[in-house]
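Enquirer: Once you've looked at the hints, dock chain P against the given chain V.
The primary structure of each chain is shown beneath.
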Amino acid sequence: MQLTVLLIILALLTVIGYQMGRSRAVASVGGRIVELHSVPSYHGFYVALWAGLPALLLFAFWGASEGWLVMQMVLSGLPDRLVNGDAQSLGLLRADILNLAHGVATGREPDPEVVAAAERYLRLHALGDWSLLVIGCCIAIGGLLYARGRIDPDLRARNRVERTVNIALVICSLVAILTTIGIVLSLLFEAIRFFAVVNPLDFLFGTHWSPQMAMRADQVGSSGSFGAIPLFAGTLLITGIAMAVAVPVGLMAAIFMSEYASPGLRTWLKPILEVLAGIPTVVYGFFAALTMAPFVRDLGNSLGLSVSSESALAAGFVMGVMIIPFVSSLSDDVINAVPQSLRDGSYGLGATKSETIRLVVLPAALPGIVAAIMLAVSRAIGETMIVTMAAGLTANLTANPLDAVTTVTTQIATLLVGDQEFDSPKTLSAFGLGLVLFVVTLTLNMVALRVVQKYREKYD
Amino acid sequence: MTDLVEQDTRAMSVAVTKSRYQSEEFSARLRRRYAAERRFRIAGMVAVGIASLMLVVLLGSIVSKGYTAFWQAQIRLEVTLDKQQVEERNYTALVRQALYAQVPAATDRATRRSLNDLLSSGAPYELEAMVNANPSLIGTTQTVWVRADDEIDQFMKGFIRRDVPESERRLNDVKIAAIDALVANGSIRSSFNTTLFTAGDSREPEQAGILGAVVGSALTLVVTMLLSVPIGIAAAVYLEEFAPKNRWTDLIEVNINNLAAVPSIIFGLLGLAVFLGFFGLPRSAPLVGGLVMALMTLPVIIIASRVALKAVPPSIREAALGVGASPLQTVTHHVLPLALPGILTGTIIGMARALGETAPLLMIGMVAFIVDIPGGLTDSATAIPVQIYMWADSPERAFTERTSAAILILLAFLILMNGLAVFLRKKFERRW
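Protein chains in written order, with the numbering used here: chain V, -8 to 451; chain P, 4 to 435.
Okay, chain V solo, but in the shape it has when bound (with noise of 0.2 Å):
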């Protein structure tokens, strides 16, 4: 509440700074603009900047750590009976304290120093914000003041503005960085606290997979079970299963597209293509277990196959069907950048056009061909809504397309789903299975660029 009373009265110093500048600035040289270093409009950004980024930069500060500085205070007033303990009771004393401040009912008796607790940091919150609320005000308006007195003819307003939207400008193009590493450092932590409980070796190439944990350390397969190659399997099987439908089909489009439709029909196909592509995933899904499954086991069983109601081969084909676009466009592209002059050389030497594409323009395009394979198969890796809807849950290792099978993006959407206690193996699990999805997609897609920026101007 008083956050965005803040952001309020921010906006609206802002913008009496901007006016309060421009008019000082015109004031200062007694309307003779020429005078100015710097255009009015320079000199009332000035202000407005020197009013709202300081409190705000405040305000980001305060919104990173109150939680975690509130926290702290609260705790250091616990007597040490409640304190002393391991970083795990402290991790539930932290979470009683959070769920009786939220009235969130923990279903237990609470302890009346944790309920004591539980008002203190209630209090210290809003202590906090309104604090906030007027030192953030006390900031703005001294900035305000502050940068209205420097207005001067001579001040080289421009200059300091664009400087500031220089930075700000830096930083923006720093986000992608930082996601970056924010991606490697949650999924190591995680999975690096994972990897102290389970051997790496054993994750890696183990075949049994049955993350279950037990509720008590003597019930039987107490421990759970975490050899992920039947995963790293069944991704292999409906990623072969996807590439199998789309490399030749999207191919195979993309070459009619570019060599042998009429322009009016081209018009036509590729819409259809980008309305392929523009389709959510989860729809996907829906259709592969609702439509396409059913549809394979019921033709299987006229065939006499046993076919599982959850079959790779429903999940793949579909999986196939969704990446056509991405394979053909990609394609589309790269046979498009072949010049001309090869083509004509071919004509020249009597070859027909099918003869033409299959020797000497496909040659050509091959690596970029390869590139867009590298990356279809990346995506096909990494799709999530498909297979979990339409591949099943049981880890199976096999080469059968007709089991059902399970993969890796399945496993950390099922592992991670529901309640779950947040320290188990079980749930841990599911950012090794992240990290080893990432690595492999991130070498797919690296070599693919490289492939592709390689080859991109071999003609030009």
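Quick caveat, the hints were computed from the structure, so don't treat them as lab data.
Computed spacing ranges between beta-carbons, pair by pair: (1) P:R250 with V:D335: 37 to 47 Å; (2) V:I132 with P:A328: 32 to 42 Å; (3) P:Q332 with V:D120: 37 to 47 Å; (4) V:S201 with P:A136: 52 to 62 Å; (5) P:G52 with V:D335: 27 to 37 Å.
C-beta atoms are modelled at their ideal positions from N, C-alpha and C, and glycine is treated no differently.
Expert: Relative to chain V, chain P alone:
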């Protein structure tokens, strides 16, 4: 002599020509080559045909499964709003009495008990809401249409067949007889399913609606847009207009291209570990969903914006710089406005992708079962694609129908957004 030699060579060359280009062997090979040509061409057509066919099958199966969800069976009741019953809030009894009155043949307890299942379990609440809105109704007899149970609805739509043996049917003979009686006196009608558009999720298909998910998606998209559009455009402007060409900017470039191809579920893991685990933001909230989606769509927007900026000819920049504009003024006054339509198109496409994305939202808990319509960015919410995923898991036939309907609604939004992008591209297309 010379003539003779000449004649001889000519005869020979004719013979050679004939033997090489008109031989059986040659024309057979030519036929084979032409046949191969035709086969190749047909293969191309088949490929395009498969792609189009799949699109038709996909859309066809969803439309044919989903269009019926827009209608819902309702049952007419003559409810006498007895004052005492209303005060005791005994609406269930009121509704049941009215229903028994509609089917006079049902007198014994067992029949009546199965009659109770004809109405949606939400029917008493509908009545209660009506009375609360207009207390003057108490004591009168009103004709109200209330929702039928989903199985009755499915029966009316013909998805539960009569000719199946009773033990395998979802409706027993008593209920079917009662429905027939209701149909005979005109007490069942099929009306437009407004619930689908005005309600949140529910365990009962006939009470489930998509509005909660639509609001959740809208809130998520707002957060996504507020973050990824300014940051994306700023990053693109920096990289395209100001950045020096060095190892740092190369690194940023490679990074952006890689991020565009990272599986979406990885972004979900990032959101789970960083936003929920580290910053302690609430689970299932559109705020977190929007943050994750913003990081995901950022590369798309940066790449599209850079292409749009690149398309602005250098002469514009040179002219601006030539009359004394600073580099920033050149960009903000001239380059950016000219590139804006292209940037907008890319942004809309990025938003459309974010709207259809599901996997990252599963990771941050937006799969929770939420009945209320979310009111703010930190309320628990779900999104349209996640709602589709959840409904798709429900065993009831009526949910399958609603899943398809939700897909149709989602696709309608997507078509609208993509249509807007195409329209903008056409409208502002400029050739220099």
